[in-house]
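Given chain C, put chain X in place with the hints provided.
So the chains spell out like this:
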Amino acid sequence: DGGITQSPKYLFRKEGQNVTLSCEQNLNHDAMYWYRQDPGQGLRLIYYSQIVNDFQKGDIAEGYSVSREKKESFPLTVTSAQKNPTAFYLCASSIVVRGTGYTFGSGTRLTVV
Amino acid sequence: QQPVQSPQAVILREGEDAVINCSSSKALYSVHWYRQKHGEAPIFLMILLKGGEQKGHDKISASFNEKKQQSSLYLTASQLSYSGTYFCGTELHQTGANNLFFGTGTRLTVIP
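Protein sequence lines correspond, in order, to chains C and X.
Just so we're aligned, residue 22 is where the first sequence starts under my numbering, counting upward by one.
Just so we're aligned, residue 464 is where the second sequence starts under my numbering, counting upward by one.
Label-pair restraints from in silico Cβ distances: (1) C:K30 x X:K531: 38 to 48 Å; (2) C:Q62 x X:V482: 18 to 28 Å; (3) C:K30 x X:Q464: 24 to 34 Å; (4) X:K489 x C:N105: 24 to 34 Å; (5) C:F33 x X:E503: 14 to 24 Å; (6) X:H556 x C:I81: 21 to 31 Å; (7) C:T100 x X:G478: 48 to 58 Å; (8) C:N49 x X:K489: 23 to 33 Å; (9) C:R119 x X:T572: 32 to 42 Å; (10) X:H556 x C:I72: 17 to 27 Å; (11) C:D59 x X:I574: 22 to 32 Å.
Some chain X residues well away from chain C (every beta-carbon gap over 12 Å; in silico): (12) I474; (13) R476; (14) D480; (15) A481; (16) N484; (17) D521; (18) S524; (19) S526; (20) N528; (21) Q533; (22) S546; (23) T572; (24) V573; (25) I574.
The hints are simulated quantities; they were obtained by calculation from the structure and are not laboratory data.
Source: prediction; values computed, not measured.
Ideal Cβ placement from N, Cα and C applies to all residues, glycine included.
Bound-form chain C, shown alone (with noise of 0.2 Å):
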């Protein structure tokens, strides 16, 4: 079955270390997402990639980093320059057509320690 797979499910991280939360998907999507998700603030977009080696900034970008080196994967790198990583973090793909709806991944829970 298509579908998109994060790992891992629940992630902890000291204080000043970086850390990268996996995002595959097998459903030939061109365009891959990266939503954080904070009780009472809905889903705010960290990056977004619509083709390969290519990919552009959300609304919360600082102190993230992504890659696009396959069409099927999109890490999400949470650098020490995040000042508040604590969050459940959602992947998301869809086609590159206005109107199409978004597949979610089962999301990343980061905590920090």
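Okay, now just chain X, sitting in the frame of chain C:
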């Protein structure tokens, strides 16, 4: 750019109806609706593309008033499985590229 959803939370008994609203200050190309169970992936419900368009899925339907930049989600004869947080995602005319801005969500709880 983030749409405003209301209410923030609602509690229903099985069989009751609910309406969730989503409004934007920007001109909209489309409105998406998703439902998320706690700790799980949001699940796509429907997209509305044209002003005045209404769609339905089982006992869940939605409307889109393009002139008012508003959408409403209607849940009729609610079931326990409808519990979750509902998000609207808005696609602006000006941005293109199928990028969505999500509302803060409406937590719906259906009780027996």
